[in-house]
Amino acid sequence: KQEVTQIPAALSVPEGENLVLNCSFTDSAIYNLQWFRQDPGKGLTSLLLIQSSQREQTSGRLNASLDKSSGRSTLYIAASQPGDSATYLCATRLGSGNTGKLIFGQGTTLQVKP
Amino acid sequence: EPEVTQTPSHQVTQMGQEVILRCVPISNHLYFYWYRQILGQKVEFLVSFYNNEISEKSEIFDDQFSVERPDGSNFTLKIRSTKLEDSAMYFCASKRTGSTDTQYFGPGTRLTVL
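Keeping their order, the protein sequence lines are chains H and Y.
Okay, so the first sequence: first residue is 1 according to the working numbering, each after it adds one.
Okay, so the second sequence: first residue is 1001 according to the working numbering, each after it adds one.
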């Protein structure tokens, strides 16, 4: 059974810092991995999707990497801003079947201080 | 930009009552999902739906739950007889194809069972 873990659970940094959020998963036979942002009491906004054949994806100040063999993904946020404060979730999809259910980690809550 | 919408945003109900949560997926999407997030816990998969039938369901999705796509736009989750432990945020998600696509999530319905 796939288990997804995110470390740390919470992170507080000053504005402008570069930071890395970690995600690990127990079953390396993933089809893809998605990073989401969740603001308090709100829905999930998709940030990046990495296919199993890819090593990284970039969108603006965000860069996500994937190492399937070690069961790890990282989300790198460059030059953090107070508006980046949110909970960041990673989710894996197993197998190539079309159901595509996602298994989520518990999230890392990020606070960027001005 | 098209988005997944959900109604209501907050539903309060008495234990034992039936509730229907509604979702309008993105119009050209073919795969539909319900997830839930109990306060302070991980987002959990409930059910996936494709071609007018359930393609996968979790152990949470017992006989008290059902899903329906009553017309070409709505996707509903019904809980027949709510329990206190059904209190959670319920998220609807959709994606266009079965292979590599991103799942797009709605803003959620907060269900409170008293």
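A few of these clues could be false.
Said to hold, decoys possible - Simulated crosslink set (SDA-like; lysine to any residue; CA at most 25 Å straight-line):
hint : chain 1 : residue 1 : chain 2 : residue 2
1    : Y       : Lys1042   : H       : Leu19
2    : H       : Lys1      : Y       : Thr1013
3    : H       : Lys1      : H       : Lys42
4    : Y       : Lys1042   : H       : Glu3
5    : Y       : Lys1083   : Y       : Arg1069
6    : H       : Lys42     : Y       : Glu1053
7    : H       : Lys68     : Y       : Arg1069
8    : H       : Lys1      : H       : Thr26
Worth flagging that the hints you see were computed from the coordinates, not collected in a lab.
Computed from a predicted model, the values in this text were never measured in an experiment.
Here is how each hint holds up against the structure:
| no. | hint | result |
| --- | --- | --- |
| 1 | Y:Lys1042 <-> H:Leu19 | holds, 23 Å |
| 2 | H:Lys1 <-> Y:Thr1013 | violated, 34 Å |
| 3 | H:Lys1 <-> H:Lys42 | violated, 28 Å |
| 4 | Y:Lys1042 <-> H:Glu3 | holds, 11 Å |
| 5 | Y:Lys1083 <-> Y:Arg1069 | holds, 24 Å |
| 6 | H:Lys42 <-> Y:Glu1053 | violated, 28 Å |
| 7 | H:Lys68 <-> Y:Arg1069 | violated, 36 Å |
| 8 | H:Lys1 <-> H:Thr26 | holds, 8 Å |
Going down the numbered hints, you'll see the structure goes against 2, 3, 6, 7, while the others check out.
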